[in-house]
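**Q** For reference, the chains in residue letters:
Protein chains: 4
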Amino acid sequence: MKKTKIAILGATGYTALELMKLLLRHEAAEIVALTSRQEDRPVCLVHPSLTGRLDLPLENLTPEQVADRAECVFSCLPHTATAAVAPALLQRGVKVIDFGADYRLNSAEVFRKWYGVEHPDAGRLGHVPYGLPELFREKIRGASLVANPGCYPTSSILPLTPLIKAGMIEPEDIIIDSKSGVSGAGRKPSLKNLYPECNEAISAYAVGTHRHLPEIEQVIGAGSGKKVSVFFTPHLTPMDRGILTTTYSKVTGEVAEEEALEELRRFYAGEPFVQVVDALPSTKDVIYTNRCHITVRRVGARLLTISVIDNLIKGASGAAVQNFNILFDYPETTALL
Amino acid sequence: MKKTKIAILGATGYTALELMKLLLRHEAAEIVALTSRQEDRPVCLVHPSLTGRLDLPLENLTPEQVADRAECVFSCLPHTATAAVAPALLQRGVKVIDFGADYRLNSAEVFRKWYGVEHPDAGRLGHVPYGLPELFREKIRGASLVANPGCYPTSSILPLTPLIKAGMIEPEDIIIDSKSGVSGAGRKPSLKNLYPECNEAISAYAVGTHRHLPEIEQVIGAGSGKKVSVFFTPHLTPMDRGILTTTYSKVTGEVAEEEALEELRRFYAGEPFVQVVDALPSTKDVIYTNRCHITVRRVGARLLTISVIDNLIKGASGAAVQNFNILFDYPETTALL
Amino acid sequence: MKKTKIAILGATGYTALELMKLLLRHEAAEIVALTSRQEDRPVCLVHPSLTGRLDLPLENLTPEQVADRAECVFSCLPHTATAAVAPALLQRGVKVIDFGADYRLNSAEVFRKWYGVEHPDAGRLGHVPYGLPELFREKIRGASLVANPGCYPTSSILPLTPLIKAGMIEPEDIIIDSKSGVSGAGRKPSLKNLYPECNEAISAYAVGTHRHLPEIEQVIGAGSGKKVSVFFTPHLTPMDRGILTTTYSKVTGEVAEEEALEELRRFYAGEPFVQVVDALPSTKDVIYTNRCHITVRRVGARLLTISVIDNLIKGASGAAVQNFNILFDYPETTALL
Amino acid sequence: MKKTKIAILGATGYTALELMKLLLRHEAAEIVALTSRQEDRPVCLVHPSLTGRLDLPLENLTPEQVADRAECVFSCLPHTATAAVAPALLQRGVKVIDFGADYRLNSAEVFRKWYGVEHPDAGRLGHVPYGLPELFREKIRGASLVANPGCYPTSSILPLTPLIKAGMIEPEDIIIDSKSGVSGAGRKPSLKNLYPECNEAISAYAVGTHRHLPEIEQVIGAGSGKKVSVFFTPHLTPMDRGILTTTYSKVTGEVAEEEALEELRRFYAGEPFVQVVDALPSTKDVIYTNRCHITVRRVGARLLTISVIDNLIKGASGAAVQNFNILFDYPETTALL
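Chains as they are written, first to last, in numbering that gives the first Met the number 0: chain A, 0 to 336; chain B, 0 to 336; chain C, 0 to 336; chain D, 0 to 336.
These are computed hints drawn from the structure, not numbers from a lab. There could be a bad hint or two in this list.
Heads up, the list lumps identical chains together, so a pair's fine if it works in one copy or across two of them.
[Unchecked claim] Listed next, the in silico DSS-like pairs over lysine-lysine satisfying Cα-Cα at most 30 Å (straight line):
#1 Lys-164 <-> Lys-225
#2 Lys-2 <-> Lys-249
#3 Lys-226 <-> Lys-249
#4 Lys-225 <-> Lys-249
All chains, full assembly: derive it from the sequences and hints.
**A** Set out below in structure tokens:
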């Protein structure tokens, strides 16, 4: 298998760590550079679990220096930071997989509304594939830049899209109630993610204002021609990782629970990482994997979906490796089973 | 303060333990009997945290024996077991506070539908006050039997009732998404509540079929004259205790977030255990207390309420002590601050 | 009961919060001032669990301003900060209970060695009672300044002292292996106490260098006339609160397990907060209480003690209230049962 | 790579699940049978995380039936159950890796003392290699039966053996204080491993009586010609997985901390799964890996070692796969990186 040289931008956080662990299992991935603005030391001092596994320093590199070494860049930088360097990387023929939100939205206006700043590379918006292979595999293949999805959107879009496409549920008045582990809040110390604040505690946050909302609405309604409206409430749950998303949609007509399950099974037949299950899933069934388990329940006039993923893997780094495999023509499941 | 002699039926579980801890702080409560079918040993062998605090044996007693000793009985027995002994206790002048569901529903038919058995004391249904003092204080005062509310219902009824009464939200199509700590699942060993199954895991259970649903619908719609429909999904969350309930209701007309908050503040003004707060509450703000914190958010056409309680205290034993204080004319907050 | 006016210095942390909760249950305690250098807002914004319970602002006050309002000061300030203000408070007749280490050690030299700075009030060292009522009750009574013990020392001194005094174990080569919940690390955000760093993780820290070591050696060896040496290793354990301390000592001669247990029972007979138990205790038996459970095991030539406390209560705020009760002549268990 | 057909006996527990996950990543491992006395259903009903990954039933098979299908058996059966079937398997040319204690001890008498029963296959004792490749690789190679080590022994033997062999510490009066996640207690429901009993709780158990003790003493003292004595105390820690072991030994003469570290580095040079680290390790650095991180501290006359492993991987299933790789001549790290 031909090797591909990889750089990771912003390598000190949890998604970057998870990415490195996955890539270390990938026989064709060769990590050649790790960047960080603040650090200048071996990566295993920042991530002790990499001791004896990855012997690279964290470096403060320019896009040009990165392009000199790498054929593929995974960017774990904060929003707008990737869009500030992506053009230079792409121009030099480097493929880019962005973990952030810079290229997920199709509209510069929507970006401005939700992120409060002008997009630094607005011209590309609308031309970058949304990196959810189960829905956009063909667009991703052949791309040079991929917008890796947000963790909540992945957990919401996978169960809802087939049901909307099949006309089984209304795309309007969908309630999405998500519960995420604390690793989703990142690795930057703050009062709200201290152990004694999060442990033995669950709380909602960013009610109605979370930046993953426009991303969900954009994708699930695409092509439906109908008005899409979603109420999205994320909750911080006392566990390291995992997202469970419960959605409540209005059924259209006489859709039975079993029909909805069957439709999901049909839609995801052959997909290696999406399992439609009968029993109610637990995040524990999928953490530390790239998998999504989904089930459906019909209750009165509502169809509920319940889906679980690992926020750091299928919700971030695993999806990124899946996209990498597609971009570089490796078997899609490499390093992910 | 005149002392009251107390017996606790079914004293080996978590709610009974919590009850004993509260009563040990109550200067007028004198625990005189603890029953259990299976045990015949000091209570502190079953609950080591009571060592040096409560020196009583667990005994297998008949209702008559209990009535000989106690003026008030707290029953932590499984459903139908309380209704099997309550008549004998009441006949002997003992007041009864039932932690279970036996006397919560007004209709024997609804009971049969949800519990799958005939009610053993159906004649009393509809005449027993629902033990939520914030709504039914006057009915509780003077009663001899109180139906202590379920934990999920308490967390749902407190935020929803004032808004429905004020006509600010529709009682129909209300979605209630609750997240509970594992102590709510009881102390009986089973695979599903083993530590390695629950830890680092969140899952939904009893979707659309949880027995707390009819109780919620019965109370929140009382007197509204409108059709009430609720979708209720409980989730098992990796923490000992605490319930966070997120509800999504349709606003009626032009209710602003601040108006809804104001209505809740007005409704609960003077209530010692319900706080209407501005910030999004965490279960951590209320665990180990008898308090409920509530807030409201308006998102589009929906009004969201977010409320938190300790499932074992305000959701069970604390409410029971609150009812006890009302029944026996002690200051309502005794042992609960 | 005559009321006592209380100020709390450094009221934003976890021990201060726990202290306030205890004092709110104390019928004679009247909290009149809360200080903080950084804040100027209602305490319930910093501690949401106090909403509706304590309506005071955090203020930046001088010792003189504090002395104008309060008769008793609980100081939760960092080390040397209490010693900088205590003289002014004491001079104005205010009694002081210090949560920190400033007055625990008898020697300015030992203080300098372990804390790396000169003691600001060295003249008082050696004259301040160590606030462990079970050992020093009479010295505390009548004092105006009390050095509240460290959490690890409390969990170590209580089991070891009676056995050393009785000549049952050698005070030399004692190994103390302690496991503490994360609240012991304080409320200041740092990478090491982030949820995803601490959760699902146990680690040792400060091996052989923890500042609680000299405190333990000073107290357990007092009056033994023998050389005392302790190896102390604290571990950060994924739980909010609780300390379990396992000690390994050499038995002197033919001490049987039961004799050691008996000696502990005799020593602590009548003590309301120390229970000598037969079974191996869990931190869960004592968290949220002011109690210490202790047991002993004889294994070969070693006597093991296993003891559990709540680090924030018996290891900090509960002990402080116990000392307060002694200083102001209230029943010692007030607010602590 | 030539494939090897594998059967797993006792496939419903946590170590078996972990084993299956590892083997699914092993390109030469073909799982052909899963046994269980109680079940007759697809394995993914018992282990939902295997959905879409392993489509095999749990079957109740005789040793002969197993031997007809498999070339290698991993036995996760309780003690004495493996020894009851191993002879029949070995006779039919099947290689056996035992997760249990049946073949770990060299002496039938020691087995009887600690396990309270006669050994069913005593003749083999003393001739079965102890499956810790870092110490016994050559004996494992060429064996047909391997005794996979206990989790606590692995975490204790790896740090202690090189220091004893080098004469740096005394093999006598070694104190081993271990802290394990709850998965080590198995998957059988019991009060003591319920979530609300274990969560927010740490406790010691089996003090001085744990069956891993003779195994540790047998291995660390082998060939030292000196008397070996160990005090071993395991603690149940509120986390899924991971063991941290702290040992306290007497240094012999003037061994400096750095010398001990250097000796460990020398001893484990080239070992893929043992890393000698400078910083104090956390279980989090190694969970979900087959690695052991070790460090050393010199405190006074004692040398402390601190080591961490994942109890289910390096402490059980990962070690078993490592042994499998050696037995069947695959690269030793296959499926373990």
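**Q** Within, between, both or neither: how does the pair Lys-2, Lys-249 come out at a Cα-Cα threshold of 30 Å?
**A** neither (48 Å within a copy, 51 Å between copies)
**Q** Could you place Lys-164 and Lys-225 in one of the four classes (within, between, both, neither) given a Cα distance threshold of 30 Å?
**A** Classified as within: same-chain Cα gap 11 Å, cross-chain 35 Å, threshold 30 Å.
**Q** Pop the pair Lys-225 and Lys-249 into one bin, within, between, both or neither, using alpha-carbon distances up to 30 Å.
**A** both (14 Å within a copy, 21 Å between copies)
**Q** Under a CA distance limit of 30 Å, which applies to Lys-226 and Lys-249: within one copy, between copies, both, or neither?
**A** Both: 14 Å inside a copy, 18 Å across copies.
Checked against the numbered hints above, the structure breaks only hint 2 and satisfies the rest.
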